[in-house]
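Model the full assembly from the supplied sequences, consistent with the hints where possible.
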Amino acid sequence: MSDKLSQITAALNGGRAQQALAIALQNPPYGQDPSYAAQDIAAVVQVLGQFKDAQMGDALKDLGDDQIDVLINYLYRGMESGQNSSQLFKWFAAVQAKGDIAMGSIVRVLTDKNRF
Amino acid sequence: MTTQVNRLAVCISAHAWNKDRSKVAFCPNNNKIYIFSKQGAEWVKEATLKEHDAVVTSIDWAPNTNRILSCSQDRNAYVWRFEDKQWKPTLVILRINRAATRCKWSPNEDKFAVASGAQVVSICYFEPENDWWVSKHIKKHDSTVLDVAWHPNNVLIATVSSDGWCRVTSAFVKGVDSKEAVAAGTAFGNKLPFGTCVKEMQLGPWLHCVKWSPSGNRLAFAAHDSTLHILECPNEQSHQQIAIRYPLLPFMDILFLNENNVVGVGHDYNPVLFQAGPQGWAYKGKLDVKVAGGAKKVGVSAAAMFQSMDKKGQADGATETSIETKHQNCITNIQPFGGPLNKLAAFSTSGLDGIIAVWDVATIERTAGVKIN
Chain A
197 MSDKLSQITA
207 ALNGGRAQQA
217 LAIALQNPPY
227 GQDPSYAAQD
237 IAAVVQVLGQ
247 FKDAQMGDAL
257 KDLGDDQIDV
267 LINYLYRGME
277 SGQNSSQLFK
287 WFAAVQAKGD
297 IAMGSIVRVL
307 TDKNRF
Chain B
86 MTTQVNRLAV
96 CISAHAWNKD
106 RSKVAFCPNN
116 NKIYIFSKQG
126 AEWVKEATLK
136 EHDAVVTSID
146 WAPNTNRILS
156 CSQDRNAYVW
166 RFEDKQWKPT
176 LVILRINRAA
186 TRCKWSPNED
196 KFAVASGAQV
206 VSICYFEPEN
216 DWWVSKHIKK
226 HDSTVLDVAW
236 HPNNVLIATV
246 SSDGWCRVTS
256 AFVKGVDSKE
266 AVAAGTAFGN
276 KLPFGTCVKE
286 MQLGPWLHCV
296 KWSPSGNRLA
306 FAAHDSTLHI
316 LECPNEQSHQ
326 QIAIRYPLLP
336 FMDILFLNEN
346 NVVGVGHDYN
356 PVLFQAGPQG
366 WAYKGKLDVK
376 VAGGAKKVGV
386 SAAAMFQSMD
396 KKGQADGATE
406 TSIETKHQNC
416 ITNIQPFGGP
426 LNKLAAFSTS
436 GLDGIIAVWD
446 VATIERTAGV
456 KIN
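Residue numbers (our numbering), protein chains in the order written: chain A, 197 to 312; chain B, 86 to 458.
Heads up, a few of these hints could be off.
[Claimed, not checked] The calculated lysine-lysine pairs, modelled on DSBU-like cross-linking and capped at a C-alpha distance of 30 Å, are:
1. 309/A to 108/B
2. 130/B to 170/B
3. 257/A to 170/B
4. 309/A to 225/B
5. 104/B to 225/B
6. 117/B to 104/B
7. 428/B to 257/A
8. 309/A to 284/B
9. 257/A to 123/B
10. 294/A to 411/B
11. 259/B to 170/B
12. 117/B to 294/A
13. 371/B to 286/A
14. 173/B to 130/B
15. 375/B to 123/B
16. 375/B to 294/A
17. 221/B to 264/B
18. 309/A to 375/B
19. 369/B to 428/B
20. 117/B to 170/B
21. 286/A to 369/B
22. 257/A to 309/A
23. 369/B to 309/A
24. 264/B to 189/B
25. 371/B to 296/B
26. 371/B to 309/A
27. 309/A to 294/A
28. 286/A to 200/A
29. 257/A to 294/A
30. 369/B to 257/A
31. 296/B to 221/B
32. 371/B to 428/B
33. 369/B to 294/A
34. 294/A to 130/B
35. 104/B to 456/B
36. 123/B to 296/B
37. 224/B to 276/B
38. 428/B to 108/B
Since the hints were derived computationally from the structure, they do not count as laboratory data. The structure presented is a predicted model; accordingly, all values stated were derived computationally and were not measured.
Right, here's the structure in full:
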């Protein structure tokens, strides 16, 4: 996991936010213990915070449908803490602007038996 | 032929057509079944079937023997025969202690299956000595069985449940089925005594509906997490399970239009097409699309603006609040309507809005830009 965190930090330091996003959406912490999951979610939220509103649409273009599912999942988990919610809501709006894609992803998050 | 939209009730829980599609039996979300027939351009109520005590959850009209099967939340099922110009009911002793959710005649119409909240599927067959329908139970699920589908060989049934499992079980009844029917071997073996579970597939979320393809070589079932699953089972050796995620709300019912096309209907009020192509199964999009050339909103008239300020407290008069699809609420049922079962030319849908809509496949191919047949 620290592997994923260090890769994200490296990408962010190098100014490659898009790559950091792709790394952040790999290996969601299913089945891991809550402290690990909390760190993972915090890291992903940090990456999401690096994007300005106008850049979100472009960032989403490169993501596949599976990654969008994972992203929506992280958005919900990130919102649970109550911090950064305005930024996360903007991401939510950006995904909805992409088209129908959000509805199926939201249902998949809500019906997921394995929460992280 | 454009899509026919008929609002026959406030809310419809189930519907079924007779063989020549001149009559439709449906339940208007109460304990009665109405039979409407088409007289010219009008739908006329022909009969009311009153025996159930609670909402009728499912109706199946056997095309060849012209018997109606209905099951209800009152834990009963009735087989209705048309005799002396009336529909006469025969009670079926299901022996369940919870609501029945779905009922289906077998392909040969000599047996039927009733799925129920008692976690049990009742397989019923007629016993001529006592002149009544007898039920045998298949108890394999851990929760409400939400749908049941008969394989074309009249022996296997697929069931899906809110326990997240899809199971294929044998409903072979001695005396009704002959061993020859399955001796040649099915895609699930040839030793199939009653109640043998030949295939189990576990998914996490509730599974709402299941259907076999016309040849029985494919099994499709839809889950509540907006995924459609297809089991390819052409023979005993190669079974392959495919999951298709789609970006819409979950389905309540599905239908095979032909071997390679599945239509799902559900909470989006819109039939959705899935197609098997050279690259495998793919989500092809919604079928109820607005035909281009509708009226465009040019600007907001002053009258509309003030009206919406009054009604909604907003100055924006251009907010569109009408629902653009044919159905105005969740579609819960889809039935074949025209053409042979392996190459449907039309299908009908009914939903919580009380509308029964008949869709023509050729028209849909044009308006939605898809190639189905």
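Can the restraint linking residue 428/B and residue 108/B be considered satisfied, given a maximum Cα separation of 30 Å?
Between residue 428/B and residue 108/B the Cα gap is close to 22 Å, so the pair holds against 30 Å.
Hint consistency between residue 369/B and residue 294/A [alpha-carbon to alpha-carbon, up to 30 Å]
holds, 17 Å
Given hint residue 428/B paired with residue 369/B - CA-CA distance at most 30 Å
holds, 18 Å
Taking 30 Å as the top limit, are the C-alpha atoms of residue 371/B and residue 296/B close enough?
holds, 20 Å
For the pair supplied as a hint, residue 375/B and residue 123/B, is the alpha-carbon distance within the 30 Å limit?
holds, 27 Å
Do the alpha carbons of residue 259/B and residue 170/B lie within 30 Å of each other, as the hint requires?
violated, 34 Å
Would the pair residue 264/B and residue 189/B pass a check requiring their Cα atoms to be no farther apart than 30 Å?
This hinted pair holds, its Cα atoms lying about 22 Å apart.
Given the hinted pair residue 104/B and residue 225/B, is their Cα-Cα distance within 30 Å?
Given pair residue 104/B, residue 225/B is violated - Cα atoms ~33 Å apart, limit 30 Å.
Keeping to a limit of 30 Å between CA atoms, is the pair of residue 309/A and residue 375/B held or broken?
violated, 37 Å
Pair hint outcome, residue 221/B versus residue 264/B [Cα-Cα no greater than 30 Å]:
holds, 19 Å
Holds or violated: residue 371/B and residue 309/A, Cα atoms, limit 30 Å.
The hint holds at about 28 Å.
Given the hinted pair residue 257/A and residue 294/A, is their alpha-carbon gap at most 30 Å?
Cα-Cα ~8 Å, so holds.
Checked against the numbered hints given earlier, the structure breaks hints 1, 3, 5, 7, 9, 11, 12, 18, 34 and satisfies all the rest.
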